[in-house]
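Q: Sequence:
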Amino acid sequence: PQAFRDNDIAIESADGETSLLRQRYSERMLRPGGTVSGPTLMALADFAMYVVLLSRIGPVGLAVTANLNINFLRPGRPGQDVLAAARLLKLGKRLAVGEVTLLSGTSPDPIAHVTSTYSIPNA
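Numbering (my numbering), first residue to last: 257 to 379.
Hints listed in this document are in silico derivations from the structure and should not be mistaken for laboratory results. A virtual CB, placed ideally from N, CA and C, is assigned to each residue, including glycine. Be aware that a few hints might be false.
[What the hints assert, rightly or not] Computed Cβ-Cβ distance ranges for the label pairs, DEER-style:
hint : residue 1 : residue 2 : range
1    : A266      : I313      : 35 to 45 Å
2    : I313      : P334      : 28 to 38 Å
3    : P334      : N378      : 21 to 31 Å
4    : G289      : K349      : 39 to 49 Å
5    : T371      : E268      : 33 to 43 Å
6    : P315      : G335      : 16 to 26 Å
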């Protein structure tokens, strides 16, 4: 959706259980002080969860975020893409719960951990 308007987020994979998204580095991602901003990370995580959910249930336009909790673990560094690895933990009739790990560049150490719940409308 809107995330693709600048063509800066790529869906690398989505299989109904997991998704992997990459946000290409841009100076617009940075906050004062030169680290990746919290809103950038939250938006990417939310989109990664949306992708994994819709890859499982199909195009449900009114599936919406009901909750998103983020723990910032270390700063995202300038000049590096941000990866979002999402995993669907539980899919019910009305709610889906998942988690997203955010990584900076090629470092294996997460920069943030996200849990998220999506509300799924009645069919």
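Q: Check the following: the C-beta atoms of P315 and G335 are separated by a distance inside 16 to 26 Å.
A: Since P315 and G335 have Cβ atoms about 35 Å apart, the given range 16 to 26 Å is violated.
Q: For the pair I313 and P334, does the Cβ-Cβ distance stay inside 28 to 38 Å?
A: The hinted range 28 to 38 Å holds for I313 and P334, with Cβ atoms some 36 Å apart.
Q: For the pair P334 and N378, does the Cβ-Cβ distance stay inside 21 to 31 Å?
A: Hint violated: Cβ distance 44 Å, outside 21 to 31 Å.
Q: Falls inside 33 to 43 Å, the C-beta gap from T371 to E268?
A: 22 Å Cβ-Cβ, so the 33 to 43 Å window is violated.
Q: At the C-beta level, are G289 and K349 separated by a distance inside 39 to 49 Å?
A: holds, 44 Å
Q: Could you see if the CB distance from A266 to I313 stays within 35 to 45 Å?
A: violated, 22 Å
This entry does not satisfy hints 1, 3, 5 and 6, going by the numbered hints stated previously.
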